[in-house]
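Asks: Sequence:
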Amino acid sequence: MPEGHTLHRLARQHQRRFGRAPVIVSSPQGRFTDGAAAVNGHVFTKASAWGKHLFHHYAGGRVV
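Numbering-wise (my numbering), the sequence shown opens with residue 2 and increments by one.
Source of the hints: derived by calculation from the structure; they are not laboratory data. Treat the hints with caution; some may be incorrect.
Said to hold, decoys possible - So the derived label-pair ranges between C-beta atoms look like this: (1) Ala38 <-> Glu4: 30 to 40 Å; (2) Arg10 <-> Val65: 17 to 27 Å; (3) Gly42 <-> Glu4: 26 to 36 Å; (4) Val65 <-> Gly5: 10 to 20 Å; (5) Ala38 <-> His6: 15 to 25 Å; (6) Asp35 <-> His6: 23 to 33 Å; (7) Arg17 <-> Val65: 16 to 26 Å; (8) Ala60 <-> Arg13: 11 to 21 Å; (9) Ile25 <-> Lys47: 13 to 23 Å; (10) Arg18 <-> Arg63: 13 to 23 Å; (11) Ser49 <-> Met2: 16 to 26 Å.
Glycine is no exception: its CB is placed at the ideal position from the N, C-alpha and C atoms.
Let the sequences and hints guide you as you build the complete structure.
Replies: So, in structure tokens, the structure goes:
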């Protein structure tokens, strides 16, 4: 399990790499097809971390 500081670093990296762009999401093993479809094509607005939790925020208010 990553520590909090690692997740904060990952949030910053995700923000720089994916921020303000639509994302392409899939489930290669087929286990999370519904979850992938829920955000596929949506605009990634920001990443945040709280403790050991990493959140991805999307346009329209969806948070994963």
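Asks: Run every hint past the structure and note whether it holds.
Replies: Do the hints match the structure? See the list:
| no. | hint | in the structure |
| --- | --- | --- |
| 1 | Ala38 <-> Glu4: 30 to 40 Å | holds, 31 Å |
| 2 | Arg10 <-> Val65: 17 to 27 Å | holds, 19 Å |
| 3 | Gly42 <-> Glu4: 26 to 36 Å | holds, 32 Å |
| 4 | Val65 <-> Gly5: 10 to 20 Å | holds, 19 Å |
| 5 | Ala38 <-> His6: 15 to 25 Å | violated, 32 Å |
| 6 | Asp35 <-> His6: 23 to 33 Å | holds, 32 Å |
| 7 | Arg17 <-> Val65: 16 to 26 Å | holds, 18 Å |
| 8 | Ala60 <-> Arg13: 11 to 21 Å | holds, 20 Å |
| 9 | Ile25 <-> Lys47: 13 to 23 Å | holds, 18 Å |
| 10 | Arg18 <-> Arg63: 13 to 23 Å | holds, 19 Å |
| 11 | Ser49 <-> Met2: 16 to 26 Å | holds, 18 Å |
Going through the hint list in order, the structure does not satisfy hint 5, though it satisfies all others.
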